[in-house]
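A.B. asks: In the order they appear, the protein sequences are chains A and B. When we follow the numbering used here, the leftmost residue of the first sequence carries the number 1, and every step to the right adds one. When we follow the numbering used here, the leftmost residue of the second sequence carries the number 83, and every step to the right adds one.
Since the hints were made in silico from the structure, they are not lab data. Check the hints yourself; a few may be wrong.
The list that follows gives simulated cross-link-like pairs (lysine-lysine, BS3-like), each with its CA atoms no further than 25 Å apart [as the list claims (entries may be wrong)]:
| id | chain 1 | residue 1 | chain 2 | residue 2 |
| --- | --- | --- | --- | --- |
| 1 | B | 563 | B | 585 |
| 2 | B | 536 | B | 407 |
| 3 | B | 106 | A | 74 |
| 4 | A | 65 | B | 150 |
| 5 | B | 517 | B | 407 |
| 6 | B | 563 | B | 486 |
| 7 | B | 106 | B | 129 |
| 8 | B | 585 | A | 62 |
| 9 | A | 75 | B | 106 |
| 10 | A | 62 | A | 74 |
| 11 | B | 174 | B | 106 |
| 12 | B | 111 | B | 174 |
| 13 | B | 517 | A | 12 |
| 14 | B | 563 | A | 62 |
| 15 | B | 129 | A | 75 |
| 16 | A | 62 | B | 557 |
| 17 | B | 407 | A | 65 |
| 18 | B | 129 | B | 517 |
What follows is a list of derived Cβ distance ranges for each label pair [to be verified]:
| id | chain 1 | residue 1 | chain 2 | residue 2 | range |
| --- | --- | --- | --- | --- | --- |
| 19 | B | 105 | A | 75 | 55 to 65 Å |
| 20 | B | 240 | A | 77 | 44 to 54 Å |
| 21 | A | 3 | B | 552 | 55 to 65 Å |
| 22 | A | 10 | B | 104 | 52 to 62 Å |
| 23 | A | 5 | B | 526 | 39 to 49 Å |
| 24 | A | 18 | B | 577 | 48 to 58 Å |
| 25 | B | 583 | A | 69 | 48 to 58 Å |
| 26 | B | 559 | A | 10 | 39 to 49 Å |
| 27 | A | 69 | B | 528 | 18 to 28 Å |
| 28 | A | 75 | B | 576 | 16 to 26 Å |
| 29 | B | 521 | A | 5 | 45 to 55 Å |
| 30 | B | 105 | A | 76 | 19 to 29 Å |
Note that the structure is predicted; figures quoted are calculated from it, not measured. Note that CB positions come from ideal geometry on N, CA and C, so glycine has one too.
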Amino acid sequence: MRVVLELLVKRKTFLRDLSLLGLLLLLLIELAFLEGHEGYFFERIYGFWALFGIIGAFILSKSSKGLSHLFLSKKEDYYGGW
Amino acid sequence: MVDGRFLHPGLIFILGSLLLPFLKGWVKKVYLILIPAFSILVLTWTKEGTYWHFTYLGYEVILGRVDKLSLCFLWVFTIMALLGSVYGLHVKETGHHIAGFWYIGSSLGAVLAGDYLTLFVFWELMAFSSVFLVWYRRRPQSIRAGFRYLLVHVFGGLCLLFGLVGRYWETGSLLFLPIPPQEATWSSYFILVGFALNAAVVPLHAWLPDAYPEATVEGAVLMSAFTTKTAVYTLARGFSGYEVLAILGTLMTVYGVFYAIIENDIRRVLAYHIVSQVGYMVAGVGIGTWMTVNGACSHAFAHIIYKGLLFMGAGAVLYRTGTSKLSELGGLWRFMPWTMLFYIIGAVSISGFPLFSGFVSKNMTVSGAFEAGRPILGIFMELAAIGTFLSVGLKVTSFAFFGKSSKETQEAPWNMLLAMALASGICLFLGIYPKVLYDLLPFEVHYHPYEAKKVIEVLELLGFAGLAFFLLFEKLAPEPKINLDLDYSYRMGAKYFMLFDEKIIAFIDRIWGEVWNLLGIRGLYGGAKTSDLFDRKGIDGVIDGIAYGTREIGQRVRRLQLGSLQGYIALSTAIFFLVLIILAMR
């Protein structure tokens, strides 16, 4: 198990490139299913979920980290004995 | 415990625990496995029906309502009990095992309850047994967290009690039946609040991320499964179609991941993530179509297994390294590769990747929301799915198992690995053969998860969210901080109340003491003296005066008694003439 993991960690750049290729491939595959798109208007937009995925991740990350830094985050002993 | 072909699985655990103090060594370990295994066996022959139905003090009591809905939860609860028992085999404290068995047993009892009275008894038993799983960690902060957990649940229990008494007053029945939204009264909403608190519905959720991370390694695995999912069952049973649940459930999905992204402790990340995942179930129940209620139940089933698995992975890390803080961890893949593999299977499942259980359960609720004409709710649920992958999937895996190596340690014990392997197997099995899960659901399933369009959509959503994570990698680094949540209200509320008590109330008490010493005591003395004087001079004076007067007259009369006849005749004659003179003068 550890040997396999070491092998994968050594090839992390390759894995990253493979993942990016996979994402591009997904967008290409979606083209084949455009005809069958049904449902709400946004579901019929090509690449909508890819865009939603990346924008949603930015919004969630930025807003949560932003609010955390603004006032939510406190020292670990903030509550003391409470 | 026996009624024809019905054995109460909850009582198997509760009564079974009574033997535990007398067992030792491997016999005890075998017994810990046998009890949940036996309860699973019992379920294989349990048929739908109503068992143990009798009247107690004029109330209808049903201890064994078995139908498709309850069976679905009974199955997953007993399977999780077995996994939890295997995971906790190394625990030496018998009390911990007993608390665990009582907790599991009471959860099963609550699911089987056909009336509010039985439900309430098992409901409270759940809270009082599970708190020991927090206290057994024996840290001062765990003891305090346990008390807070208990207080919040007692409040929820009181809401439930108030509601069920009201319901009896209104309807004359305590049977636990669905309450359609249009027939809901004030008592229904009290019951709903009681259930919602246990389901950690925002804003009644803060007890969960407060208590679960403070529980023992093994206790947290059990707690992640039972309390919230029992509440989801009761909501599905009684409150399907409530708009407030649809909205709050969807809010929960996003609220939970919002905190999961910023928390540092793995178990706090996972605890917040329970809030998010239970949100899908609550929303599914709230939307109330067959598909979304099915989605809620299937998601509860899948969630119990993979969330249990994730808590097992996090617990194994805590058990071996002594910490579960991401800021203190890293590079564990070298030392705990199997734990990492199983954790990743749990993370991939919860993120909803195809071929894993989350994909076939979560998307049923989300698709159900879209099909029910609730696209905004559906969109927020998809947003929460992104947050799930970012937090539980990528953040924890990257910062705990990869990155810089900070702690040298060893792989988790064999029993922990075995439990994680079994849970991982179930996650994969359900993802590949969803029919097994769908056959357990309360309504007939017409949903097909593996349509090409759906698979592509999910892969695009998660794949591109993953891309965003690596672009934001540095920004998402965990920080050794905690984040304020609504438990602030009662934690700081208690602090300020005590400060108010110690400063203001104590000051008023001191002043009052002085005033009392000055005025009160003196007044009291004065009053006592006056009343003493009155007693002695007034009351005693009158009483004594009469006595003295009588005695004086007696004395004087006694002096007249000379004892000689001549004296008496002389006195009588004198009195006679005195009377005559008085009469003559008139």
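A.B. asks: Could you run down the list of hints and mark each one as holding or not?
C.D. replies: Evaluation of the provided hints:
1. For the suggested pair residue 563 of chain B and residue 585 of chain B, the alpha carbons sit about 30 Å apart, so the restraint of at most 25 Å is broken.
2. In summary, the hint linking residue 536 of chain B to residue 407 of chain B is not supported, as the alpha carbons are separated by about 36 Å, beyond the 25 Å threshold.
3. Between the alpha carbons of residue 106 of chain B and residue 74 of chain A the distance comes to roughly 45 Å, so the proposed pair goes past 25 Å and is violated.
4. Restraint check: the Cα-Cα separation between residue 65 of chain A and residue 150 of chain B comes to about 43 Å, which exceeds 25 Å; the hinted pair is violated.
5. Between residue 517 of chain B and residue 407 of chain B the CA atoms are separated by roughly 38 Å; this puts the pair beyond 25 Å, and the hint is violated.
6. Under the criterion of a C-alpha separation no larger than 25 Å, the hint pairing residue 563 of chain B with residue 486 of chain B is consistent with the structure, at around 20 Å.
7. For the hint linking residue 106 of chain B to residue 129 of chain B, the alpha-carbon distance of about 35 Å lies beyond 25 Å, and the restraint is violated.
8. Pair hint residue 585 of chain B plus residue 62 of chain A does not hold up; C-alpha atoms about 42 Å apart against a cutoff of 25 Å.
9. Taken as a hint, the residue 75 of chain A and residue 106 of chain B pair is broken in the structure, with Cα atoms around 44 Å apart against an allowance of 25 Å.
10. Annotation: proposed proximity of residue 62 of chain A to residue 74 of chain A holds, straight-line Cα distance about 18 Å (limit 25 Å).
11. Taking the CA atoms of residue 174 of chain B and residue 106 of chain B, the gap is near 10 Å; set against the 25 Å cutoff, the hint holds.
12. A hinted pair counts as satisfied when its Cα atoms are at most 25 Å apart, and residue 111 of chain B with residue 174 of chain B qualifies at roughly 10 Å.
13. For the hint linking residue 517 of chain B to residue 12 of chain A, the alpha-carbon distance of about 37 Å lies beyond 25 Å, and the restraint is violated.
14. The straight-line distance between the Cα atoms of residue 563 of chain B and residue 62 of chain A is roughly 17 Å, inside the 25 Å bound, and the hint therefore holds.
15. Between residue 129 of chain B and residue 75 of chain A the alpha-carbon distance is near 54 Å, which puts this suggested pair outside the 25 Å criterion.
16. Between residue 62 of chain A and residue 557 of chain B the alpha-carbon distance is near 9 Å, which keeps this suggested pair within the 25 Å criterion.
17. Taken as a hint, the residue 407 of chain B and residue 65 of chain A pair is honoured in the structure, with Cα atoms around 17 Å apart against an allowance of 25 Å.
18. For the hint linking residue 129 of chain B to residue 517 of chain B, the alpha-carbon distance of about 20 Å falls within 25 Å, and the restraint holds.
19. At roughly 45 Å, the beta-carbon separation of residue 105 of chain B and residue 75 of chain A lies outside the given 55 to 65 Å, and the hint is violated.
20. The given range of 44 to 54 Å is broken by residue 240 of chain B and residue 77 of chain A, whose C-beta atoms sit roughly 32 Å from each other.
21. Evaluation of the 55 to 65 Å hint for residue 3 of chain A and residue 552 of chain B yields a failure: the beta carbon distance comes to about 25 Å.
22. One distance hint, 52 to 62 Å for the beta-carbon pair residue 10 of chain A and residue 104 of chain B, holds here, with the actual separation near 54 Å.
23. Checked against the hint of 39 to 49 Å, the pair residue 5 of chain A and residue 526 of chain B passes, with Cβ atoms roughly 44 Å apart.
24. Separation of residue 18 of chain A from residue 577 of chain B is about 53 Å and conforms to the stated range, judged on CB atoms against 48 to 58 Å.
25. At roughly 35 Å, the beta carbons of residue 583 of chain B and residue 69 of chain A sit outside the given window of 48 to 58 Å.
26. The given range of 39 to 49 Å is broken by residue 559 of chain B and residue 10 of chain A, whose C-beta atoms sit roughly 24 Å from each other.
27. Distance hint for residue 69 of chain A and residue 528 of chain B: a CB-CB separation of about 47 Å, inconsistent with the stated range 18 to 28 Å.
28. For the pair residue 75 of chain A and residue 576 of chain B, the beta carbons lie near 19 Å from each other, so the given range of 16 to 26 Å is met.
29. Hint check: residue 521 of chain B to residue 5 of chain A, Cβ distance near 37 Å, so the stated range 45 to 55 Å is violated.
30. For residue 105 of chain B and residue 76 of chain A, the Cβ-Cβ distance of about 40 Å falls outside the hinted range of 19 to 29 Å, so the restraint is violated.
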